[in-house]
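K.L.:
Sequence:
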Amino acid sequence: EGEQAFWNEEARGVLTGLILHVAANAPAEMRTLTHVRELLTAPPEPFADLLKEMQASQAVDGLVARAAARLLQKAPKERSGVISTAQSHTHFLDSPRMAEVLKRSTVDFSQLKRQPLSVYLILPTDRIDAYARWLRLLIACALRATARTAGQPKERVLLLLDEFAHLGRMHPVQRDIGLAGGFGVTFWLIVQDLSQLKSTYGETWPTFLANVDVLQAFGINDWDTAEYLSKMTGESTIYVESKHQSRGMSRGPHAQRQLGSGRAWSEQGRRLLLPDEVRRLPRESALVFVKGGAPLCVERVNYLRDPEFVGRADPNPLYRVLAAAVAE
Numbered sequence: 004e005g006e007q008a009f010w011n012e013e014a015r016g017v018l019t020g021l022i023l024h025v026a027a028n029a030p031a032e033m034r035t036l037t038h039v040r041e042l043l044t045a046p047p048e049p050f051a052d053l054l055k056e057m058q059a060s061q062a063v064d065g066l067v068a069r070a071a072a073r074l075l076q077k078a079p080k081e082r083s084g085v086i087s088t089a090q091s092h093t094h095f096l097d098s099p100r101m102a103e104v105l106k107r108s109t110v111d112f113s114q115l116k117r118q119p120l121s122v123y124l125i126l127p128t129d130r131i132d133a134y135a136r137w138l139r140l141l142i143a144c145a146l147r148a149t150a151r152t153a154g155q156p157k158e159r160v161l162l163l164l165d166e167f168a169h170l171g172r173m174h175p176v177q178r179d180i181g182l183a184g185g186f187g188v189t190f191w192l193i194v195q196d197l198s199q200l201k202s203t204y205g206e207t208w209p210t211f212l213a214n215v216d217v218l219q220a221f222g223i224n225d226w227d228t229a230e231y232l233s234k235m236t237g238e239s240t241i242y243v244e245s246k247h248q249s250r251g252m253s254r255g256p257h258a259q260r261q262l263g264s265g266r267a268w269s270e271q272g273r274r275l276l277l278p279d280e281v282r283r284l285p286r287e288s289a290l291v292f293v294k295g296g297a298p299l300c301v302e303r304v305n306y307l308r309d310p311e312f313v314g315r316a317d318p319n320p321l322y323r324v325l326a327a328a329v330a331e
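End of the sequence shown = 331 in the working numbering, gap-free, step of one.
Calculated from the structure, these hints are not laboratory results. Where hints are given, some of them may not hold.
Label pairs and their calculated CB-CB ranges [stated by the list, open to error]:
1) K77 with D317: 54 to 60 Å
2) D64 with F221: 27 to 33 Å
3) R266 with G222: 40 to 46 Å
4) Q7 with L307: 44 to 50 Å
5) R130 with G184: 31 to 37 Å
6) N214 with G237: 42 to 48 Å
7) R266 with D165: 50 to 56 Å
8) F221 with R172: 24 to 30 Å
9) E48 with S108: 31 to 37 Å
10) C144 with D216: 37 to 43 Å
11) N214 with Q114: 46 to 52 Å
12) R34 with W226: 27 to 33 Å
13) K201 with S83: 32 to 38 Å
14) K201 with A62: 41 to 47 Å
All figures in this text were calculated on a predicted structure; none of them were measured in a lab. The beta carbon of each residue, even a glycine, is placed where N, CA and C say it ideally should be.
All chains should be built: construct the whole structure from the sequences, respecting the hints.
P.N.:
Structural data, given as structure tokens:
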């Protein structure tokens with residue numbers, strides 16, 4: 004937003020030009036993001052020579068030349084700021100391990116819609132902040148490839164994103180959450196609570212919940228999420244009984260005391276689940292909201308115990324103690 008949006012957009016233009024230049028002119032083995040990073044971080048004189056070379060290029064209908072000219076036309080201070088921004092966004096490419104990963108590819112994302120294929124993108128939790136850009140990049144590539152591959156797949160492509168909010172803001176996902184069904188993709192986004200979604204996506208966070216067909220929630224601890232889910236359950240009408248008593252005394256020679264009582268019933272609206280009731284749901288329970296249907300409170304399936312799933316997966320090496328206890 005604001006001034007930062009300008010620098011990001013200009014940096015995007017520089018990176019686009021460099022990527023196109025590498026794709027059009029570099030040998031096949033050097034057409035990598037690592038090589039793009041090497042060019043971007045070259046010393047001033049070699050980088051200036053690179054821009055002149057790009058400016059003279061006719062590749063990609065002149066897009067490479069225009070990207071170089073766009074940068075050369077800027078004042079030195081502004082040009083330096085644009086280059087610095089582009090460098091900051093590609094800093095993760097300096098990692099030797101990341102360079103090794105990006106050196107070659109055995110995955111063609113366009114095949115996701117054509118044949119049974121599973122692709123796992125795995126990062127240790129302590130590396131997510133450092134390499135979230137890599138994850139966002141590959142997710143965006145997968146989305147673009149499935150959108151460009153014509154037709155509907157025999158089996159829908161499932162894009163499951165755990166710790167979704169920790170990956171940072173992903174405009175392609177935010178844009179396609181309501182469109183992906185049209186090209187055969189189903190999103191399954193997992194967050195710890197709604198506060199994470201609000202923090203990452205700001206005022207646009209309701210877009211995700213408005214476009215889901217199924218919302219599943221369990222283990223709710225924070226009040227804001229519990230309040231939101233409580234509202235989603237809707238209200239039901241309950242009957243409330245009220246009792247009253249009356250006393251009186253008559254005057255005169257035959258004065259008497261009078262006592263009376265009665266009861267009345269009234270209708271009141273009440274949420275099916277109050278926020279504190281949402282937070283107190285048992286660990287084994289989950290709330291499920293299916294588009295167009297009534298809310299459900301269901302029992303979660305434990306794949307270690309459920310007859311339908313027992314034996315279908317190898318023991319998780321990270322939970323050997325738990326698996327052994329269940330087996331006993």
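K.L.:
Indicate, hint by hint, whether the structure satisfies it.
P.N.:
Against the structure, the hints:
| no. | hint | verdict |
| --- | --- | --- |
| 1 | K77 with D317: 54 to 60 Å | holds (56 Å) |
| 2 | D64 with F221: 27 to 33 Å | violated (53 Å) |
| 3 | R266 with G222: 40 to 46 Å | holds (42 Å) |
| 4 | Q7 with L307: 44 to 50 Å | holds (47 Å) |
| 5 | R130 with G184: 31 to 37 Å | holds (32 Å) |
| 6 | N214 with G237: 42 to 48 Å | violated (20 Å) |
| 7 | R266 with D165: 50 to 56 Å | holds (54 Å) |
| 8 | F221 with R172: 24 to 30 Å | holds (26 Å) |
| 9 | E48 with S108: 31 to 37 Å | holds (33 Å) |
| 10 | C144 with D216: 37 to 43 Å | violated (25 Å) |
| 11 | N214 with Q114: 46 to 52 Å | violated (26 Å) |
| 12 | R34 with W226: 27 to 33 Å | violated (51 Å) |
| 13 | K201 with S83: 32 to 38 Å | holds (35 Å) |
| 14 | K201 with A62: 41 to 47 Å | holds (44 Å) |
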